[in-house]
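Taken in sequence, the protein lines are chains X and W.
The letter at position 237 of the first sequence is residue 237 when you use UniProt numbering, and the numbering goes up by one with no holes.
The letter at position 173 of the second sequence is residue 173 when you use UniProt numbering, and the numbering goes up by one with no holes.
To be clear, the hints were calculated from the coordinates, so they are not data collected in a lab.
Among these hints, one or two may not hold up.
The list cannot tell twin chains apart, which means a pair is met if one copy fits it or any two copies do.
Said to hold, decoys possible - With a Cα cut of at most 20 Å, we get these calculated DMTMM-like pairs of lysine to aspartate or glutamate:
(1) Lys299 / Glu288
(2) Lys275 / Asp314
(3) Lys53 / Asp314
(4) Lys24 / Glu109
(5) Lys250 / Asp291
(6) Lys299 / Asp335
(7) Lys295 / Asp335
(8) Lys275 / Glu213
Okay, here's what each chain looks like letter by letter:
2 protein chains.
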Amino acid sequence: MTPEQLQEGILHGNAAVQRRAMAKAITLLESTRSDHRTLADGLLTALLPYTGKALRLGISGVPGVGKSTFIETLGMQLTAQGHRVAVLAIDPSSTVSGGSILGDKTRMEHLSVNPNAYIRPSPSSGTLGGVAEKTREAMLVCEAAGYDVVIVETVGVGQSEIAVHGMTDMYCVLQLPNAGDDLQAIKKGVMERADLVVINKADIDPHAATRAEAQITSSLRLLGMHGNPDNASHNEQLWQPKVLQMSALKGEGVERFWQMVQRFQMLQTRNGRLKQRREQQSLAWMWERIDAGLKQAFKQHPKVQALLPDIQADVVAGRLPASTAARQLLNAQMDG
Amino acid sequence: MTPEQLQEGILHGNAAVQRRAMAKAITLLESTRSDHRTLADGLLTALLPYTGKALRLGISGVPGVGKSTFIETLGMQLTAQGHRVAVLAIDPSSTVSGGSILGDKTRMEHLSVNPNAYIRPSPSSGTLGGVAEKTREAMLVCEAAGYDVVIVETVGVGQSEIAVHGMTDMYCVLQLPNAGDDLQAIKKGVMERADLVVINKADIDPHAATRAEAQITSSLRLLGMHGNPDNASHNEQLWQPKVLQMSALKGEGVERFWQMVQRFQMLQTRNGRLKQRREQQSLAWMWERIDAGLKQAFKQHPKVQALLPDIQADVVAGRLPASTAARQLLNAQMDG
């Protein structure tokens, strides 16, 4: 299909045509061939006016916390209400292994065959920044195709949460009830970004879940991460991060979750924060990609490649000041 | 003085000569003239073998928390014990206003006239990254001159704590006793990096101080920020972040602070973390400077400058995908 046919299929195709066009468009976006990239850029730019109308929901949590079950339950409820739900994933392990543990359609039995749901596994290679870029672009394709809820999931590992937080309107962290004891689960860069913390599998140990809720609530308050309320005008009502107990397997708490999401969306739309967040995300994204591009060109420069190993060794060994090393390498690149 | 004379003065000069050579060397490092920079790079490289033997202590805290009084008291105790103490500062406001609120010698009445102390205010202009670079280089000058304790202070604002954390062996956060109520004081990027949290002015409200100590202790534990103990071998004893009450004005707790610092240094030297941290800091520093240099060259490129305003506006308005915008700008630079 030509980019024009893909565009037509995504925007106006019937169910089968649209689904095929989306898959082909995302494959095009994921291609590393530069001629594909040029076509992809053109396609994306053409689709852009039709994007941005979905709610973008980030979901992170360690393996075993029940993300798939939760997304399956939520997705089935939402499609029953007339929503169209896309599920994308960022799998940080894919950047190392090339394999994809997430986004496997078999994990979401019913949602994967639901005509109003679209599930796409994580792109399977490249740096995390590159994988995140593909996911972000896939999100735009889903939005152009009329999906009004886009869920981006990731495991609570490494920098992938930062990437998901940086492309979604609302960032939710799934947590097991034994949070207070499970230090690994509450990590730098996860909790502090959460708009909503969900204690899943709460039914397994209600007592622990309630204790975890209290602990996390107080921790969120103590850290006071989310924007300074003092910066808001008195008329402006800001969302404060919340904690919610759930048992996704039994379907308990999923409706309440969606109510909270809707309240978040309503508040943050009214006070302008949603628009602001997206603008900041877009600019941050542009600069992140510029930085990555500059660094890539730098590292591929023959003179830099020739000098780097020795210079790095000198810096580690304390023979060369870091700033001097940086200048030497920058000069090497600039001199050609 | 020539760089050779500066080097000689720093390494072997008598007290007066050394002090003058240090001041001149740091001024040379802070110069933006490229011929000065070349001389400075040569000087730094020559001094480097004589650096690295000091304990590098980062101190951050909001204005009013009592940093100067604390550093004055600590510095006087340490010099009395035979240490030589350098105090440097990173003043994030200087990067905006060009003025320096920190490092003013009048704030440390006794230490500033102590022959075994050297106080240098924050460099007064440039980006935060640039200011931090100068401070880091000044630290090396102090170490080459035989100062065995280098204190780098900053106010708890913006990204300056990250810079100080990134150049010191141990990062201490000063905190007022009303921490639990004072959300502004416990901020992202400060608490999570602390090796030691000091509740200063504890005597003013001992009850609040004790409550704050409990809260911060539990918060540090809950966040579990500091390295995963599971990664350490069983023989390897790791430092865990601690909380300490103090009244620097009355001198209470300052000795205990120093004991903790010494224990930190002993543990982290024995388990290899101190060496590892410094190596990582040096490499991170080199890449940070490279990134800054690449970005500066990018932003100064005439074609980029010509295109950037419109492209940025298109990205914010949602007319152009961020990744496409990045590629357009990168191509503009590469095409010359």
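Here is how each hint holds up against the structure:
1. In this assembly of identical chains, Lys299 and Glu288 lie within 20 Å of each other by CA distance both inside one copy and across copies; the values are 16 Å within and 14 Å between.
2. For the identical chains of this complex, Lys275 and Asp314 are inter-copy neighbours only, at 15 Å across copies versus 47 Å inside a copy, given an alpha-carbon limit of 20 Å.
3. In this homomeric assembly, Lys53 and Asp314 come within 20 Å of each other (Cα to Cα) only across copies, at 18 Å, whereas the closest approach inside a single copy is 52 Å.
4. In this assembly of identical chains, the alpha carbons of Lys24 and Glu109 never lie at most 20 Å apart, being 23 Å within a copy and 71 Å across copies at closest.
5. Taking CA atoms no more than 20 Å apart as the test, Lys250 paired with Asp291 passes in neither setting, with 45 Å inside one copy and 49 Å between copies.
6. In this assembly of identical chains, Lys299 and Asp335 lie within 20 Å of each other by CA distance both inside one copy and across copies; the values are 15 Å within and 18 Å between.
7. In this assembly of identical chains, the alpha carbons of Lys295 and Asp335 lie at most 20 Å apart whether taken from the same copy (17 Å) or from different copies (17 Å).
8. Proximity of Lys275 to Glu213 under the C-alpha cut-off of 20 Å is found in neither arrangement, the shortest distances being 30 Å within a copy and 39 Å between copies.
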